[in-house]
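Line by line, the protein sequences give chains A and B.
As numbered in UniProt numbering, residues 1 to 314 make up the first sequence, in order.
As numbered in UniProt numbering, residues 1 to 408 make up the second sequence, in order.
A hint or two may mislead.
What the hints assert, rightly or not - Short, incomplete list of chain A residues facing chain B, as computed with Cβ under 10 Å: (1) 36; (2) 138; (3) 162; (4) 163.
Derived from the structure by calculation, the hints contain no laboratory data.
For each residue, glycine too, the CB sits at the ideal point set by N, CA and C.
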Amino acid sequence: MSARIAGFGATALAALALLALVPRLGNAYYLALAISLLQYTVLATAWGMFSGPTRYVSLATTAFFGVGAYTVAVLGEILPWPLVLLTAAALGAIVAGIVGLSTLRLSGVYFVIFTFGLTELIRQLVVWFEVNKSRVLGRYVFVDITQADIYWQLLALTAAVFLLGWLIARSRLGFALRVIGEDETVAKHCGINTTFAKVALFTISATVMTLVGAIMAPRWTYIEPSIAFNSMISFQVLIMALLGGAHRLWGPVLGAVPLTLLFELLSARFPNTFTIILGCIFLLIVYMLPRGVAGLFEKLSTTAGGKARQRANA
Amino acid sequence: MTTFLTRRTALLAAATCAATLGLTAVAEAQTSIKIGYAISRTGPNTGGAAVTTIPNYELWVKEVNAAGGIKLGDKRVPIEVVQYDDRSNAEEAVRALERLINQDKVDFILPPWGTGLNLAVGPTLNREGYPHLAATAVTDRAPELAKRWPNSFWLLGTSADAAKSLVELLNKLRDEKKIGDTVAMVSIADGFGIDLSSAARPALTNAKFKLAYDKSYPIGTQDLAPIVNEIKALNPDVFIAFSYPPDTLALTEQSRIAGLNPKVFYTGVGTAFPLYRQKFGKNTEGVMGIGGWSGDSPAIKDYLARHKAAAANGAEPDRWASAVTYASLQMLQQAIERVGKIDRAAVIKDLQTGTFDTVIGKVKLENNMPTRYWWVGQWQDGEFYGIAPAKNEGARAAIVPKPAWVAP
Numbered sequence: 001m002s003a004r005i006a007g008f009g010a011t012a013l014a015a016l017a018l019l020a021l022v023p024r025l026g027n028a029y030y031l032a033l034a035i036s037l038l039q040y041t042v043l044a045t046a047w048g049m050f051s052g053p054t055r056y057v058s059l060a061t062t063a064f065f066g067v068g069a070y071t072v073a074v075l076g077e078i079l080p081w082p083l084v085l086l087t088a089a090a091l092g093a094i095v096a097g098i099v100g101l102s103t104l105r106l107s108g109v110y111f112v113i114f115t116f117g118l119t120e121l122i123r124q125l126v127v128w129f130e131v132n133k134s135r136v137l138g139r140y141v142f143v144d145i146t147q148a149d150i151y152w153q154l155l156a157l158t159a160a161v162f163l164l165g166w167l168i169a170r171s172r173l174g175f176a177l178r179v180i181g182e183d184e185t186v187a188k189h190c191g192i193n194t195t196f197a198k199v200a201l202f203t204i205s206a207t208v209m210t211l212v213g214a215i216m217a218p219r220w221t222y223i224e225p226s227i228a229f230n231s232m233i234s235f236q237v238l239i240m241a242l243l244g245g246a247h248r249l250w251g252p253v254l255g256a257v258p259l260t261l262l263f264e265l266l267s268a269r270f271p272n273t274f275t276i277i278l279g280c281i282f283l284l285i286v287y288m289l290p291r292g293v294a295g296l297f298e299k300l301s302t303t304a305g306g307k308a309r310q311r312a313n314a
Numbered sequence: 001m002t003t004f005l006t007r008r009t010a011l012l013a014a015a016t017c018a019a020t021l022g023l024t025a026v027a028e029a030q031t032s033i034k035i036g037y038a039i040s041r042t043g044p045n046t047g048g049a050a051v052t053t054i055p056n057y058e059l060w061v062k063e064v065n066a067a068g069g070i071k072l073g074d075k076r077v078p079i080e081v082v083q084y085d086d087r088s089n090a091e092e093a094v095r096a097l098e099r100l101i102n103q104d105k106v107d108f109i110l111p112p113w114g115t116g117l118n119l120a121v122g123p124t125l126n127r128e129g130y131p132h133l134a135a136t137a138v139t140d141r142a143p144e145l146a147k148r149w150p151n152s153f154w155l156l157g158t159s160a161d162a163a164k165s166l167v168e169l170l171n172k173l174r175d176e177k178k179i180g181d182t183v184a185m186v187s188i189a190d191g192f193g194i195d196l197s198s199a200a201r202p203a204l205t206n207a208k209f210k211l212a213y214d215k216s217y218p219i220g221t222q223d224l225a226p227i228v229n230e231i232k233a234l235n236p237d238v239f240i241a242f243s244y245p246p247d248t249l250a251l252t253e254q255s256r257i258a259g260l261n262p263k264v265f266y267t268g269v270g271t272a273f274p275l276y277r278q279k280f281g282k283n284t285e286g287v288m289g290i291g292g293w294s295g296d297s298p299a300i301k302d303y304l305a306r307h308k309a310a311a312a313n314g315a316e317p318d319r320w321a322s323a324v325t326y327a328s329l330q331m332l333q334q335a336i337e338r339v340g341k342i343d344r345a346a347v348i349k350d351l352q353t354g355t356f357d358t359v360i361g362k363v364k365l366e367n368n369m370p371t372r373y374w375w376v377g378q379w380q381d382g383e384f385y386g387i388a389p390a391k392n393e394g395a396r397a398a399i400v401p402k403p404a405w406v407a408p
């Protein structure tokens, strides 16, 4: 077992080293594409970390992403970069903690609606503050961060997220979450502190999303609420995680990578019909792959007996 | 059985998708000057881009190609356009530009619509050494940005300048005893409204105007009647609204209904749109707004006619950034022709130092910005003329007091 883990670790390290060389290619377009791939990989994986095992569908990705981006907009020129990132992570964790404590008792569709509303709430709060207190709307981010720096930071964050996800899955916390996902009432009866488990994971996942927002912010120079809190991010991350399969740690990557490439291809080749095609693809995913690509792999690798058992269970 | 039915439905959906794709095959001919742009065809910026930017890009390309193309040395080469949708999204805009530069290898790039997106693409265009002619961005950091990115040109000026010109005009009118000194000001709680109101507030107070009303309203406010009624009760001499198109229309309509008819009635973005005249007809007379152009100049008259003829539905340009956008394209063309080859560094140099003959008159940039702008315009007899700054060539005298509203 430990030999397998060591082998896996070595492969992952080698892949990481290879990926770290992407900025050396010297093509800004490929670098931009790679940044986009990593951004969605981290977001979707972080989303899956919480929503996969607990089956709570969260549309709050944008809210945390925006908090991160805005932290950079406010503090970017004042504090040194590592401190800015730390502050962003802390803010994300605090917001997630408060939100988690107050809402994770909600279930099903109420939670979805709340998380969607959360994005709008935070955005309106930022607008209110900027209009009435600071009297500027739209901030400038002039920090000395190159595209390659952004890429490397995202790569490091990707590695950290996978390591974290792997550790959590093997911990008591991960097991508790799986039980909650299967049946929350049973989990409670088993003596699991369900609220603590859910809030803890929600906070970890949200902190990662906040960091992505903070790392990405220097790419745009100019940040205003409508840019930082663009709700499209929530939906894209959700559909990526669903395509990949949120019940596995490595599932969301299988959705994030092909979909990011597909979005790129579509907006390059069909700029005017992009949204129509996107809608068709979403329909196809939901109809054809209800358990995502990860589910498809699992299905293909199970034996005929396993298949029969699955059918019997369904 | 259910599974089978859903599969079939899915296949049907797939077939529909395939049919949609078939309709949009892209064919591009080989030509010599490749010009690329990413513009908002979807998302919140669509309205602005569709009125001000896209028609002018299309008009210019059509006209240049009809004349044989851009003159490089002693031969003319036609323009080939590569365009994308930035979906009103900063990240998308940056990536589209990186694609234009690295994959499509375009020779020149035309900027996106709006302040936010122009700022977002600034660093990329600067790094890659492309000229950046921002014709639809109003930002107070323009002078600083022009220094930071010497390839960028900020043709629409700063909001501080806009507020200053308006207050200067009010000052002059008060000196002429045409208005008193009570001002009511409202602004939209968004970038534009906040920038302008925070510049106008000190300017008005320094000029000893009495600010009787000073409030902001959120984007998307449907009912502006309470604001208008409250202002009417104060009976101000001057009404200033730093508003966006939907609320510009709503405030005007509500003021007409409530009979708020101060001596100076000024509204924000959208006042200069042809739509405003369509909606209010005779009631536009005397209304002031941001923007304006020299409506009497033959170049502008000619531009208006060409724009109307070329646009799909005979649409007119707006009377502010449209002409500036078209002028920026003329400047780019003249700079390329003077350089005589695809040499972006030389073209940037020429834009910084040269003099250009455009629809808005002779343009010579100083520190990458024009030296004159139209900041206040007024509807006079069905045309939106520039009235301030008064020293601009072609400035008309203001009609004050504003005539009474008439029944539509």
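Hint-by-hint comparison with the structure:
no.: 1; hint: 36; in the structure: holds (7 Å)
no.: 2; hint: 138; in the structure: holds (4 Å)
no.: 3; hint: 162; in the structure: violated (24 Å)
no.: 4; hint: 163; in the structure: violated (27 Å)
Violated hints, listed in ascending order, are 3 and 4; each of the other numbered hints is respected by the structure.
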